[in-house]
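Colleague: Listed here are the chains, written in short residue letters.
There are 2 protein chains.
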Amino acid sequence: MKIAQIAPLFESVPPRLYGGTERIVSFLTEELVQRGHEVTLFASGDSVTSAELVPCSVRGLRLDASIADPLPHFMLMLDRVLARASEFDILHFHIDYLHFPMVRAWRHRCLTTLHGRQDLPDQKPFYMHFGDAPLVSISNAQRAPLPGAHFAATVYHGLPADLLVPAARPSRDYLAFVGRISPEKRPDRAIAIARAVGLPLKIAAKVDKADEAYFRNAIAPLLAGDGVEFVGEINDLTKPDFLSNAAALLFPIDWPEPFGLVMIEAMACGVPVLAFANGSVPEVVDDGVTGRIVGSVEEAIEALPQVLALDRCLVRKRFEERFSAARMAEDYVRIYRRLARRRRNTAGAAIEPDLSDLGPGQEIAGGTRTHVS
Amino acid sequence: MKIAQIAPLFESVPPRLYGGTERIVSFLTEELVQRGHEVTLFASGDSVTSAELVPCSVRGLRLDASIADPLPHFMLMLDRVLARASEFDILHFHIDYLHFPMVRAWRHRCLTTLHGRQDLPDQKPFYMHFGDAPLVSISNAQRAPLPGAHFAATVYHGLPADLLVPAARPSRDYLAFVGRISPEKRPDRAIAIARAVGLPLKIAAKVDKADEAYFRNAIAPLLAGDGVEFVGEINDLTKPDFLSNAAALLFPIDWPEPFGLVMIEAMACGVPVLAFANGSVPEVVDDGVTGRIVGSVEEAIEALPQVLALDRCLVRKRFEERFSAARMAEDYVRIYRRLARRRRNTAGAAIEPDLSDLGPGQEIAGGTRTHVS
Chain P
-3 MKIAQIAPLF ESVPPRLYGG TERIVSFLTE ELVQRGHEVT LFASGDSVTS AELVPCSVRG
57 LRLDASIADP LPHFMLMLDR VLARASEFDI LHFHIDYLHF PMVRAWRHRC LTTLHGRQDL
117 PDQKPFYMHF GDAPLVSISN AQRAPLPGAH FAATVYHGLP ADLLVPAARP SRDYLAFVGR
177 ISPEKRPDRA IAIARAVGLP LKIAAKVDKA DEAYFRNAIA PLLAGDGVEF VGEINDLTKP
237 DFLSNAAALL FPIDWPEPFG LVMIEAMACG VPVLAFANGS VPEVVDDGVT GRIVGSVEEA
297 IEALPQVLAL DRCLVRKRFE ERFSAARMAE DYVRIYRRLA RRRRNTAGAA IEPDLSDLGP
357 GQEIAGGTRT HVS
Chain X
-3 MKIAQIAPLF ESVPPRLYGG TERIVSFLTE ELVQRGHEVT LFASGDSVTS AELVPCSVRG
57 LRLDASIADP LPHFMLMLDR VLARASEFDI LHFHIDYLHF PMVRAWRHRC LTTLHGRQDL
117 PDQKPFYMHF GDAPLVSISN AQRAPLPGAH FAATVYHGLP ADLLVPAARP SRDYLAFVGR
177 ISPEKRPDRA IAIARAVGLP LKIAAKVDKA DEAYFRNAIA PLLAGDGVEF VGEINDLTKP
237 DFLSNAAALL FPIDWPEPFG LVMIEAMACG VPVLAFANGS VPEVVDDGVT GRIVGSVEEA
297 IEALPQVLAL DRCLVRKRFE ERFSAARMAE DYVRIYRRLA RRRRNTAGAA IEPDLSDLGP
357 GQEIAGGTRT HVS
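From first to last, the protein sequence lines are chains P and X. Per my numbering, numbering through the first sequence is continuous, rising by one, with the last residue being 369. Per my numbering, numbering through the second sequence is continuous, rising by one, with the last residue being 369.
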């Protein structure tokens, strides 16, 4: 198929540093190319891809100090997409809202993956209004606040199988926390759990400007004691070693996490996950296989020995079955084909193809159909 | 003509409080309706107009605490515009960037007035790319950073003639400063000038969150001495009295002001303006008639007696000649008609009508043609 991928411009594809969405767009794009699809990637000019790249900004906007407003750059990108729209069987958008009015006339060739939380009051009326534009959620939990929206499927994220692999002889002598230092991610809970069970904790995290006061007031004092090491932000080079040697990943979140990429990064390393039951967690963690799902710090302390006892080979195996980039690409191709077929079947008959059987009743989720009512 | 006005959603049209763009859209819309045009106003649902209102949000987004992200609301509005686009002879946008890719197919029925400063590095490549979309600048100075953009004209803002009028017996016992407390507006210069000439200064200004530190550190200490009164933010009810009794308006700006509405508000009251030569100032102030234009605090101190001696009747007269809402509406109708004629002449012949004679060489500015090379 001829496929356009439209990525955010904030980071390159793949990103140099942080940037979950751009990373997933990269994994998907490379898998699609490898499967023989003709893929055109609309992304920042410093992106690296085996697809055809349409550079839509000199570099990732976040790395460019001269950028004051990202909007004009996104609109320039959309104009480039518009100019070539007729070439593609499918246009796959990863940029939230900006394209919806523009693509109305060819919306049934368009698919939009929602990458963020969807519980802001601004979002519900928006997706109600554009109720005939097919969407993809990255967990079933993510779509809960949007009952009127037109979800074609849930497609869980995936990683290339060889990106992160188990360590040959993991040290397993610390618990790991990876993410942002923020009240939603609850590093304070990770510290409390680690201290209670007497295991060292290593915190690999960045501190956003918005969270500096939280770090200073709530977290820094907790770091003073023994057994907790703050290692700062880790990158793609240091992450494999950091994750794969951990005894377990702590994911004690307190927000509606739409997916939680770090959970499957840990699983790829064979590292089990101790996670709090919020957002996507019950869908991503197989309780008793790839980790344990808990509701409180007390439950977490009680469950940790079970987490440490899980078979790391089985954790890796389950990752390969459910969260590979190959599976993610196959899920998406199945949706692309279904949209294209629906369009052909109705061509000339109706200008608004019936996509109702792509609604919440039929899901492609983690390679298996699940039902969400 | 059938005209659509597309306003920002941040404030109602007209705004309850601050909101220069929404205010101008209101003045223009009411004048067009009065001239017999069929006007449809796309704006927030709490707008008040004699045109047909298409409500695009419940209320002005800035007054709605539940709004986290304005973008989905603007995209909903654009979708409503799209649904009715074929009805209009002219669609006049006041919302910066968001519509440009969407209106490509009917861009020669679209006009965009730029209301803000245009010297950000993001803007030049944007308007170069959309070089065939006709724009209106609100001063010639505003367009200086955008040499490649397609300006159809400069149209200076205008006010309804009876909105602000001279006081019967103005007290003329203070100098006035109106605006935001910000480093660009330079209230410190106003204070220095007033103290040097020994006249009381009244500062009617709001303090934005971003400027709180500047207010606290740079301005509050200056307010401690004699002769300066900080009266806070004024509204439409208190503004007439505040402005019309002033001896002069001080406008000692230090930034590329795109227009400077308060200057013509003062002139409407017959109040002369002492302004610094930045941005639009040399176009808006007639030096020696409606005020004096200076380059430094020293020059301002020297010029103030001349400003106070200006004939307030002539100030008001020049306001009526150059800055009435009637003149503004006539300027815009002339551009609307020209765009429509150009479209008819080329219909069927070319899909890209030649609009070159609407370029910078021919301007409609303040009712007279001016040349900008």
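A couple of the hints might just be wrong.
For identical chains, the list gives no copy identity; a pair is met inside one copy or between any two copies.
What the hints assert, rightly or not - In the SDA-like style, the derived pairs of lysine to any residue whose C-alpha atoms are separated by at most 25 Å in a straight line are:
| # | residue 1 | residue 2 |
| --- | --- | --- |
| 1 | 120 | 82 |
| 2 | 120 | 58 |
| 3 | 120 | 302 |
| 4 | 120 | 63 |
| 5 | 205 | 63 |
| 6 | -2 | 61 |
For the record, the hints were derived by calculation from the structure and aren't laboratory data.
Colleague: Checking an output row: residue 120 and residue 302, CA cutoff 25 Å. Within, between, both or neither?
Modeller: neither (40 Å within a copy, 59 Å between copies)
Colleague: For residue -2 and residue 61, with the copy left unspecified, which applies at a CA distance of at most 25 Å: within, between, both, or neither?
Modeller: neither (35 Å within a copy, 44 Å between copies)
Colleague: If the cutoff is 25 Å on CA atoms, where do residue 120 and residue 82 land: within, between, both or neither? Let me know, please.
Modeller: For residue 120 and residue 82, the Cα distance exceeds 25 Å both inside one copy (30 Å) and across copies (28 Å).
Colleague: Using 25 Å as the alpha-carbon threshold, which applies to residue 120 and residue 63: within, between, both, or neither?
Modeller: Between copies only: 12 Å across chains, 30 Å inside a chain, cut-off 25 Å.
Colleague: With identical chains, the pair residue 205 and residue 63 could be close in the same copy or across copies; at 25 Å between alpha carbons, which is it: within, between, both, or neither?
Modeller: both (18 Å within a copy, 22 Å between copies)
Colleague: With identical chains, the pair residue 120 and residue 58 could be close in the same copy or across copies; at 25 Å between alpha carbons, which is it: within, between, both, or neither?
Modeller: Intra 28 Å, inter 19 Å, cutoff 25 Å: inter-copy only.
Checked against the numbered hints given earlier, this structure breaks hints 1, 3, 6; the rest are met.
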